[in-house]
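There are 2 protein chains.
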Amino acid sequence: MPVSLNKSSRTKSFSLKSYIHLRSKKINAALNRYLPKATAKPKTLHESMRYSVFAGGKRLRPILCMAAAEACGGKPDNSLLFASAVECIHTYSLIHDDLPALDNDDYRRGNKTNHIVFGEGVAVLAGDALLTLAFELANQAPVTSRYKSNHFISEIAKTAGHSKLIAGQVADLEGEGKSVSKAQLRYIHERKTSALLTCSIKLGGMSANCTPKQLQALTDFGYNVGLAFQVIDDILDVTQTSKKLGKTAGKDEAVQKATYPSVVGLDEARKIAKNLTNKAYAALKPFKGNAVALEALADYLLKRDH
Amino acid sequence: MPVSLNKSSRTKSFSLKSYIHLRSKKINAALNRYLPKATAKPKTLHESMRYSVFAGGKRLRPILCMAAAEACGGKPDNSLLFASAVECIHTYSLIHDDLPALDNDDYRRGNKTNHIVFGEGVAVLAGDALLTLAFELANQAPVTSRYKSNHFISEIAKTAGHSKLIAGQVADLEGEGKSVSKAQLRYIHERKTSALLTCSIKLGGMSANCTPKQLQALTDFGYNVGLAFQVIDDILDVTQTSKKLGKTAGKDEAVQKATYPSVVGLDEARKIAKNLTNKAYAALKPFKGNAVALEALADYLLKRDH
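Residue numbers (this note's numbering), protein chains in the order written: chain V, 261 to 566; chain G, 261 to 566.
One chain only, chain V, in its complex shape (with noise of 0.2 Å):
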């Protein structure tokens, strides 16, 4: 699906492959730190925590929360805690999502679900820890002079609460065999997926101890490229194979599941996303070249095939 897009030509000198690998190794290795010992009593919680976190996720919102720290200026290393922490909601989440009693997902990312290995019981309280866990390091996180503790963990439970990532999780839910508008999709796409990709971001800015002009530019971007995310998520379940996408695919249209493509149709699905890249772009300027990575995570969202 390659595009063309308004993002700046900085980008082009950008090696973002080399980028993801060196985060992804610091984020990797933050984890391995900040999770509980797999051999730590009780061994089978911890290894089913550490089962799901290390599954070969591609640590989009750990990477986002570290270049929006970068784009403010901040040491990358300073949001590990929050990088981390993102990461555990967003694991929490697709155990959880997996369930049978939720989407019944046997595989996820080429692997078996948490709940196939270690059980439903196991799987229901592995999610319930790593969401817990989050809090507890996000609590960790260093202060600034701007953004204290209450602030972090204000932006981590809003975000995970009842009125967003759950809110979406349940309204996708019941969605499922319905007819659905654009309008009741996007109220999903923007609490399952785009809340926690914001949040990552504006932690990764509040860690850089961002002024408020570049938290809100943090979180336009955030809204309009985790929008853009979970529509081009919605294209490749339709246009992808269940190999490439390491994840059962055509699973939304057999359960019923409204997407964009069911919904407005791949091509109008397809522009949509495009619009939404661009306007994640927009959203970069106040950073004047300095968001080099955000932009091309940006551009590589929009391009990727799985």
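If you are wondering where the hints come from, they were derived from the structure by calculation, not from laboratory data. One thing to keep in mind: the hints can contain errors.
The list treats identical chains as one, so a pair stands whether inside a single copy or across any two.
What the hints assert, rightly or not - With a straight-line cut-off of 30 Å between C-alpha atoms, the simulated DSS-like cross-links for lysine-lysine are: (1) Lys285 with Lys563; (2) Lys511 with Lys301; (3) Lys297 with Lys517; (4) Lys438 with Lys418; (5) Lys511 with Lys297; (6) Lys534 with Lys297; (7) Lys408 with Lys545; (8) Lys511 with Lys286; (9) Lys511 with Lys545; (10) Lys548 with Lys303; (11) Lys335 with Lys438; (12) Lys318 with Lys286; (13) Lys372 with Lys438; (14) Lys286 with Lys418; (15) Lys335 with Lys301; (16) Lys517 with Lys303; (17) Lys372 with Lys408; (18) Lys438 with Lys531; (19) Lys438 with Lys303; (20) Lys301 with Lys442; (21) Lys372 with Lys545; (22) Lys511 with Lys303; (23) Lys303 with Lys285; (24) Lys408 with Lys297; (25) Lys277 with Lys418; (26) Lys539 with Lys372.
Starting from the structure of chain V, add chain G where the hints point.
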């Protein structure tokens, strides 16, 4: 089970019934304020959260939280955000614990369990939302000169996390049908029950800016009263009817769950409960008679028959 206890004579002139009534009223009003409205979107989620929070719980943890605040000379109303937060965590843990993949309970406090009424998917998500809400509420609590938001969040995250509450649940789940030692049983009870009771009491003290010495006394009190509470719960499961308990009696035995009566026998279990309660009384000594409510609550917990 009337046993003679080393409780202070002050307790005698104190009406626990009226105390519990007045505190419960305040707690229920606070929970009603802090929980999302049932009419707010997504309705199913919010109805489900409210269903379990208002399903007739004894409000033991929030009452202990308020009583601890009073013992330290604080205004009980200043502890209401913590009282509500710990009740949200307690309710979330019950909703998840009742799921078919865990304890598989159809009834709780005489009412159908959450997943029976709302389905398993929504029950998982309602539990997740209550856990997240607990952090949001505690994060809004007024700070004191000794205790800041990050102390509150750390206390809750550690208590609800992988090494305490969830470790207890996992060990409990894994112990079913197996021979469990007394030490292992204590490990489970400390984490599954005592930890959150202790946390509730400590947060109450912190809301009143308690001294480090008072905080230690409250910790000792909570640990012992929490263990006593669970030992008595085990005893009631084998000695009372389902009607009296509001949940399936004899359930522990049916699933071969390790309990104090099954591991040490009924008489020894009663002795252990009495000793623990006396240790709890002893822990209150530094309060020199200002902990009448806490003392009366410990007494009530030992003598209860449901």
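Violated hints - listed by number, lowest first: Of the numbered hints given earlier, those the structure breaks are 5, 6, 8, 9, 10, 11, 15, 17, 21, 25, 26, listed in rising order.
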